[in-house]
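K.L.:
Residue numbers (this note's numbering), protein chains in the order written: chain E, 1 to 451; chain Z, 1 to 131; chain B, 1 to 480.
Quick caveat, the hints were computed from the structure, so don't treat them as lab data. Check before you lean on any hint, since a few could be wrong.
[To be verified] Straight line, CA to CA, 30 angstroms or less: simulated DSSO-like cross-link-like pairs of lysine-lysine: (1) Lys282/E with Lys471/B; (2) Lys286/E with Lys106/Z; (3) Lys152/E with Lys111/Z; (4) Lys67/Z with Lys286/E; (5) Lys282/E with Lys106/Z; (6) Lys229/B with Lys319/E; (7) Lys188/B with Lys129/Z; (8) Lys129/Z with Lys471/B; (9) Lys67/Z with Lys282/E; (10) Lys152/E with Lys286/E; (11) Lys106/Z with Lys188/B; (12) Lys152/E with Lys129/Z; (13) Lys59/B with Lys319/E; (14) Lys152/E with Lys319/E; (15) Lys200/B with Lys229/B; (16) Lys286/E with Lys428/B; (17) Lys129/Z with Lys319/E; (18) Lys282/E with Lys152/E; (19) Lys319/E with Lys155/E.
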Amino acid sequence: MPFIPNTDADRAELLEAIGVQSVAELFENIPAELRLAEALPVPEGISEDELMRELGELASWNSTPAGGSFLGGGMYRHAIPAVVGALQSRQEFVTAYTPYQPEASQGTLTAFFEFQTMIAELLGMEIANASMYEGCSALAEAVLMAMGLQRKRGKVVVSAGLHPHTRRTLQTILRWTRLEIIEAPLGPDGRTALGNLADADTCAVAVQSPNFVGVIEDLESLAATADGVGALSICSAYPIACGLLQSPGEAGFDVAVGDGQSLGVPVQFGGPSFGLFATSHKYVRKIPGRLVGETIDRLGRRGFTLTFQAREQHIRRAKATSNICTNNALMALRGAIYLAAAGPEGLREVAEHCLAKAQYAQREIARIPGFEPCFPDAPFFNEFAVRCPLPAREVNRAIDGAGMLGGVDLAQLHPGLGENALLLAFTELTERTQIDRLLNTLSGLSQTVTV
Amino acid sequence: MRPDDRKYLETHEWAKVTGDIALIGLTDFAIHELCSGNEGDLVYCDLPETGRTLEVGETFGEIESVKAVADLSSPVEGEVIEVNEAIEDHLEILSSDPWEQGWMVKIKLTKKSMDHLIDAETYESMLAKQS
Amino acid sequence: MNKDLLLYEKSRAGRRTLRLGALDVPAADTTGLPLRQSPPDLPQIGELELVRHYVRLSKKNVSIADSFYPLGSCTMKYNPLANEVAATIAGFSEAHPLLDAGRCQGALAVMKRVEEFLAAVTGLPCVTLHPAAGAQGELSALLVANAHFAARGEQARTKVLIPDSAHGTNPASAAVAGLEPVTVSSGKDGLVDVDDLQSKLGTDTAGFMVTNPNTLGLFEPRIAEICEKVHTAGALVYMDGANLNALMGIARPADFGVDMMHTNLHKTFSTPHGGGGPGAGPICVSEELGVYLPVPRVVESESGFHLETDAPESIGMLRGWSSNFGVILRAYAYMRRLGPDGVRRVAENAVINANYLRVRLRDAYHVPFDGLCMHEFVATTRHQRPGGVHAVDVAKRLIDLGHHPMTVYFPLVVNEAMMIEPTETETKETLDAFVEDMLLIADEARERPESLHDAPLSTPVGRLDEGRAVKEPVLRFRRG
Numbered sequence: 001m002p003f004i005p006n007t008d009a010d011r012a013e014l015l016e017a018i019g020v021q022s023v024a025e026l027f028e029n030i031p032a033e034l035r036l037a038e039a040l041p042v043p044e045g046i047s048e049d050e051l052m053r054e055l056g057e058l059a060s061w062n063s064t065p066a067g068g069s070f071l072g073g074g075m076y077r078h079a080i081p082a083v084v085g086a087l088q089s090r091q092e093f094v095t096a097y098t099p100y101q102p103e104a105s106q107g108t109l110t111a112f113f114e115f116q117t118m119i120a121e122l123l124g125m126e127i128a129n130a131s132m133y134e135g136c137s138a139l140a141e142a143v144l145m146a147m148g149l150q151r152k153r154g155k156v157v158v159s160a161g162l163h164p165h166t167r168r169t170l171q172t173i174l175r176w177t178r179l180e181i182i183e184a185p186l187g188p189d190g191r192t193a194l195g196n197l198a199d200a201d202t203c204a205v206a207v208q209s210p211n212f213v214g215v216i217e218d219l220e221s222l223a224a225t226a227d228g229v230g231a232l233s234i235c236s237a238y239p240i241a242c243g244l245l246q247s248p249g250e251a252g253f254d255v256a257v258g259d260g261q262s263l264g265v266p267v268q269f270g271g272p273s274f275g276l277f278a279t280s281h282k283y284v285r286k287i288p289g290r291l292v293g294e295t296i297d298r299l300g301r302r303g304f305t306l307t308f309q310a311r312e313q314h315i316r317r318a319k320a321t322s323n324i325c326t327n328n329a330l331m332a333l334r335g336a337i338y339l340a341a342a343g344p345e346g347l348r349e350v351a352e353h354c355l356a357k358a359q360y361a362q363r364e365i366a367r368i369p370g371f372e373p374c375f376p377d378a379p380f381f382n383e384f385a386v387r388c389p390l391p392a393r394e395v396n397r398a399i400d401g402a403g404m405l406g407g408v409d410l411a412q413l414h415p416g417l418g419e420n421a422l423l424l425a426f427t428e429l430t431e432r433t434q435i436d437r438l439l440n441t442l443s444g445l446s447q448t449v450t451v
Numbered sequence: 001m002r003p004d005d006r007k008y009l010e011t012h013e014w015a016k017v018t019g020d021i022a023l024i025g026l027t028d029f030a031i032h033e034l035c036s037g038n039e040g041d042l043v044y045c046d047l048p049e050t051g052r053t054l055e056v057g058e059t060f061g062e063i064e065s066v067k068a069v070a071d072l073s074s075p076v077e078g079e080v081i082e083v084n085e086a087i088e089d090h091l092e093i094l095s096s097d098p099w100e101q102g103w104m105v106k107i108k109l110t111k112k113s114m115d116h117l118i119d120a121e122t123y124e125s126m127l128a129k130q131s
Numbered sequence: 001m002n003k004d005l006l007l008y009e010k011s012r013a014g015r016r017t018l019r020l021g022a023l024d025v026p027a028a029d030t031t032g033l034p035l036r037q038s039p040p041d042l043p044q045i046g047e048l049e050l051v052r053h054y055v056r057l058s059k060k061n062v063s064i065a066d067s068f069y070p071l072g073s074c075t076m077k078y079n080p081l082a083n084e085v086a087a088t089i090a091g092f093s094e095a096h097p098l099l100d101a102g103r104c105q106g107a108l109a110v111m112k113r114v115e116e117f118l119a120a121v122t123g124l125p126c127v128t129l130h131p132a133a134g135a136q137g138e139l140s141a142l143l144v145a146n147a148h149f150a151a152r153g154e155q156a157r158t159k160v161l162i163p164d165s166a167h168g169t170n171p172a173s174a175a176v177a178g179l180e181p182v183t184v185s186s187g188k189d190g191l192v193d194v195d196d197l198q199s200k201l202g203t204d205t206a207g208f209m210v211t212n213p214n215t216l217g218l219f220e221p222r223i224a225e226i227c228e229k230v231h232t233a234g235a236l237v238y239m240d241g242a243n244l245n246a247l248m249g250i251a252r253p254a255d256f257g258v259d260m261m262h263t264n265l266h267k268t269f270s271t272p273h274g275g276g277g278p279g280a281g282p283i284c285v286s287e288e289l290g291v292y293l294p295v296p297r298v299v300e301s302e303s304g305f306h307l308e309t310d311a312p313e314s315i316g317m318l319r320g321w322s323s324n325f326g327v328i329l330r331a332y333a334y335m336r337r338l339g340p341d342g343v344r345r346v347a348e349n350a351v352i353n354a355n356y357l358r359v360r361l362r363d364a365y366h367v368p369f370d371g372l373c374m375h376e377f378v379a380t381t382r383h384q385r386p387g388g389v390h391a392v393d394v395a396k397r398l399i400d401l402g403h404h405p406m407t408v409y410f411p412l413v414v415n416e417a418m419m420i421e422p423t424e425t426e427t428k429e430t431l432d433a434f435v436e437d438m439l440l441i442a443d444e445a446r447e448r449p450e451s452l453h454d455a456p457l458s459t460p461v462g463r464l465d466e467g468r469a470v471k472e473p474v475l476r477f478r479r480g
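The task is simple: from the sequences and hints, build the whole structure.
P.N.:
Shown next, in the form of structure tokens:
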């Protein structure tokens, strides 16, 4: 039997030691009428080599065109140094539990202490936790924290530029609370138009930059507006962009969150990635998730341990700051290794390459008759929205036909821009030849449409 | 035997009344429970601002050890007129002298009857039953 | 050379591991962009030093791959290496979640098959793989209950009854769902006090959250009656599936009367814990509740599979994208190996191993509920109390003897609890070695109890001052 080493002879010996005649006797506390009489209707087991053949076939039913991909929308294909996968996959990291026994977990704990430092630095905040599930729920947790800090305030103002999944996550979770969600629209420049929406009844203002349509927000002004009404300012950041662009902390935000997928995690059909959560030290007793702290042992040696555990569900139960228990530790470890491999220089280089490729592409696309950026004057990083002369799904079909993977059809995920809006993403892995092939395809479409 | 110059709440808070003023604290038993077994010290005690009014049973703060946490419930009704500032920096007072130096808040009573509280003897027998 | 330096202490300006090739387009123009005022202080380190750092760190962990790990409630079974290989297949790992359905039939097929497998194991027909972990599964299910009662105009159902022996996530999830947790007592037998439950059921009850087998490792023999009482009160029964390993192929929660439950793929279905995650907490619900499940959902039609992102009565999304697919894929690899017979054998051998340890340890240690247990059991240090030895001392001494400790101080209903779950993947020899060491510790507790307070001695650090970590918090490295 796979993964069960004890033989029938071993079983017999164990049963005898227990003092029962049969295995069935061990299950006597389950009333007979509740016990299954038949085997479960699941497929017959297969061997490891059969499994690998089957998985190979299933994987072949997935296909990503080889000629390049312009698909982003919150998950991006970045270069992952070999060290990331090789070191993360060490079984001592993979098969350990949550480090509740610090003496037996100094590896994981040290790695998280370093992770917390790197994330806090990257986001420009004082402290960071040891990871959340992913970016959308991380932002929802930040809003819940704001709700707890300002119990008398009844609404949260969220930018329409948040990732649509983030907005849906917030709707799901806040539906059963007293908080009302007010959506701040994107103005004609693609930036969040807060107007007078944030007021003395607002507990939090939440934005994302670059936002879902790729535009870099005016973060300083948004943070100041939130601050002016006494609301907690929350910014979801793209960690790669933080290697080059102003961080949420520098812009004055109270809480920075984000999705860590771009830091060394494959896209994996949507997960697992990991969530970032960083804020000021003064909120340390209010933040969700695990925290690692430095301390000493009895001989004065430096060591690391989970700390402020009384915030968490296993101690505070119904009054915990969050219900999160298992987080996305192993993916966060990838993030830590990635950031350590990159360093400040490497990260800036990656960010500059992303920006350069996107700038080149936008400049060239704007020259193609019928195609124009949705927000021509807006600052962007590695992704921008293009208004096409025909529906985005048809443009994607043409790109696919040319052996490439097109962008995000915004008609589905951000319908405000109409059915012709296409969101194109670029990273350091996007090659100029691929961009040129994209330009050719779009030019071809342009001629067909104008003719 | 625990001090009989004061009365107790089943949740281990004590109230010592002088005139219309009550000192509120937490019993040695509760503090020991918070710290037992996991070699945990007390690490945090959150107390209210002065001026806050409290009902009987209302949560007025919380106390935390490394691996446990407990709400503090008010045994009396009244206004918080003083908070023991010494506790914040010297949580060990709560363990070393829970009955005198370890008081937490001083309350000006709006209701003087203490009939809802139990006396030391009843508190003792309650603890005896629990163990 | 000090091998215990942090990356930051090894960092030297100008070093790095990641270097990109030459840029093949004109350089970026940052005019007008809001740039960082100063670069993030990240470690600057070359590749070999980076490798050595993490390899050394890895050696400071105790893991399933090197040690027996009888952590109760966590089901630390072997994590098959084939699962890990499966997850690195490029066709899966590089599949973008926004691919057209036609380009991701393999991923969707895996998801559908895992859903079917979970439906078969639990007997609950409607399954979603959306939740990122068990706690998010609990929250999803409670929101499903909210939606169910809202649809019936029964918004007054705002209370959730939860046994005092439950995992902390149960009341925490209830609170996030806007519900009020109400504690139900355990009886002297360690089981749900059915009278207490009955007295708390009412028209304001939304649900009862039951862990079965419970956190003491005991099967609730009156589970069918309990479910019936809850249903009679008009409420729903939620089962915490953390302990499903004991039941697979033996009994199905749906047959007990359970309406909803979560499963932990990172416990029962062998995906690794990763030092704290990622996990996956799929939920399985009855036909009636299926319409409320989160989206996206995998739907099969004549043209194949696709993801349905909107459903009128769905509670919505709780996270980005459809699921922790990489975890689902690992669980699929495991499920395919087992087959109907294997599933049953998992539960049988998990229960055999736990009972064997219980019987071998019950003289040296107090076992408060010393009847047949399921996949785990709780012992205590009551016999060791005269020497002043606590559960934590036993746990720390086990580390020195080469085992990961059991879960200690949980469940809260037992003083000095030591919760032991061996799992089915351990050999008799490993169990015997653990027993011998536990008996040795019992001897030490009698003969030189004070020595146990010093354990562990073999680890990179000894017992840490956890109070200091809160009172003088240092949560990040700072250059001195």
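K.L.:
Would you mind marking each hint as holding or not holding in the structure?
P.N.:
Hint-by-hint comparison with the structure:
no.: 1; hint: Lys282/E with Lys471/B; result: holds (14 angstroms)
no.: 2; hint: Lys286/E with Lys106/Z; result: holds (27 angstroms)
no.: 3; hint: Lys152/E with Lys111/Z; result: holds (29 angstroms)
no.: 4; hint: Lys67/Z with Lys286/E; result: holds (16 angstroms)
no.: 5; hint: Lys282/E with Lys106/Z; result: holds (27 angstroms)
no.: 6; hint: Lys229/B with Lys319/E; result: holds (28 angstroms)
no.: 7; hint: Lys188/B with Lys129/Z; result: holds (15 angstroms)
no.: 8; hint: Lys129/Z with Lys471/B; result: violated (35 angstroms)
no.: 9; hint: Lys67/Z with Lys282/E; result: holds (21 angstroms)
no.: 10; hint: Lys152/E with Lys286/E; result: holds (17 angstroms)
no.: 11; hint: Lys106/Z with Lys188/B; result: violated (41 angstroms)
no.: 12; hint: Lys152/E with Lys129/Z; result: violated (42 angstroms)
no.: 13; hint: Lys59/B with Lys319/E; result: violated (36 angstroms)
no.: 14; hint: Lys152/E with Lys319/E; result: holds (18 angstroms)
no.: 15; hint: Lys200/B with Lys229/B; result: holds (11 angstroms)
no.: 16; hint: Lys286/E with Lys428/B; result: violated (46 angstroms)
no.: 17; hint: Lys129/Z with Lys319/E; result: holds (28 angstroms)
no.: 18; hint: Lys282/E with Lys152/E; result: holds (20 angstroms)
no.: 19; hint: Lys319/E with Lys155/E; result: holds (21 angstroms)
Hint violations for this structure: numbers 8, 11, 12, 13, 16, all remaining hints satisfied.
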